[in-house]
Amino acid sequence: MMRSVFIALCLVVSVSCWTNEQLLMAVETGCKAKNYMCPKEEYGIFEGSDWTWDKDAIVGSPLAEVFRKSRHLTAETAAAITEAYCCTEGSCLYRCGIYPKVEIDLIEAFPTNAHEIFKLDLPELEKYREFVLDWLRNEQRLIKGRIPAEIEEFFDALHTHQKKIREKLRAQQEARRND
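For the sequence shown, position 117 matches number 117 in the numbering used here, and the numbering has no gaps at all.
Hints are supplied without guarantee of correctness; some may be wrong.
DSS-like mimics (lysine-lysine), calculated; alpha carbons at most 25 Å apart, straight line [stated by the list, open to error]:
(1) LYS119 - LYS163
(2) LYS163 - LYS101
(3) LYS69 - LYS55
(4) LYS101 - LYS164
(5) LYS69 - LYS40
(6) LYS127 - LYS163
(7) LYS168 - LYS119
(8) LYS32 - LYS101
(9) LYS40 - LYS101
(10) LYS127 - LYS168
(11) LYS40 - LYS55
(12) LYS69 - LYS119
(13) LYS127 - LYS164
(14) LYS55 - LYS34
(15) LYS55 - LYS32
(16) LYS34 - LYS101
If you are wondering where the hints come from, they were derived from the structure by calculation, not from laboratory data.
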């Protein structure tokens, strides 16, 4: 009896729940070029800055077996897929033709400067206040590479209104020095 329970357990544990096609779809979905990602060297076929996924390398990778046995695609599994298969920084991005975007100092200093910027009470930034401050309080913001569209829109507004923001910040600093 115990032996048949053990065999049944082994069969359940070893049953593949996901297909190779689903794995490939998860990798392609999780590592999009528009998100400034491309394959790690061992999982891509490169020709200049053009690339395609090396499907055989992905399907034969150690994580593929773990993925196939996962019951559900969890956030942890999706993050592991991105970490295992995707290049997200450095020279491998250059190989894919993805180069770093140099941000203005107001964006580079985010989130440290967010409260100071909102204290300026600029009407152009007011519509972002609630979302940005809620996002700053939320621990999910620490997930690598995940910046919500609303934060990107806030960055666009910082860029668009940087002259006005800098003028107000300078005026604030002058006022503090004169006090």
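* To do: Sort out whether LYS101 lies within 25 Å of LYS40, counting only the CA atoms.
  => Measuring from Cα to Cα gives roughly 20 Å; hence the hint holds.
* Asked: Does the structure keep LYS34 and LYS101 at a Cα separation of 25 Å or less?
  -> Measuring from Cα to Cα gives roughly 13 Å; hence the hint holds.
* Holds or violated: are the alpha carbons of LYS55 and LYS32 at most 25 Å from each other? -> holds, 15 Å
* Does LYS163 lie within 25 Å of LYS119 when you go C-alpha to C-alpha? -> holds, 16 Å
* Straight-line Cα separation of LYS127 and LYS164 no greater than 25 Å? -> holds, 17 Å
* Are the Cα positions of LYS168 and LYS119 separated by 25 Å at most? -> holds, 10 Å
* To do: Could you grab the alpha-carbon distance between LYS69 and LYS40 and see if it respects the 25 Å cut-off?
  => holds, 23 Å
* To do: Starting from LYS32, check that the Cα of LYS101 is at most 25 Å away, please.
  => holds, 17 Å
* Given the proposed pairing of LYS40 with LYS55, does the C-alpha separation stay at or below 25 Å? -> holds, 13 Å
* To do: Take the C-alpha atoms of LYS101 and LYS164, compute the straight-line distance between them, and say whether it is at most 25 Å.
  => Measuring from Cα to Cα gives roughly 23 Å; hence the hint holds.
* Given the hint that LYS69 pairs with LYS55, test it: the Cα-Cα distance must not exceed 25 Å. => At roughly 18 Å apart (the allowed maximum being 25 Å), LYS55 and LYS69 satisfy the hint.
* Asked: Straight-line Cα separation of LYS163 and LYS101 no greater than 25 Å?
  -> holds, 20 Å
The structure does not agree with numbered hint 12 stated previously, though it agrees with all others.
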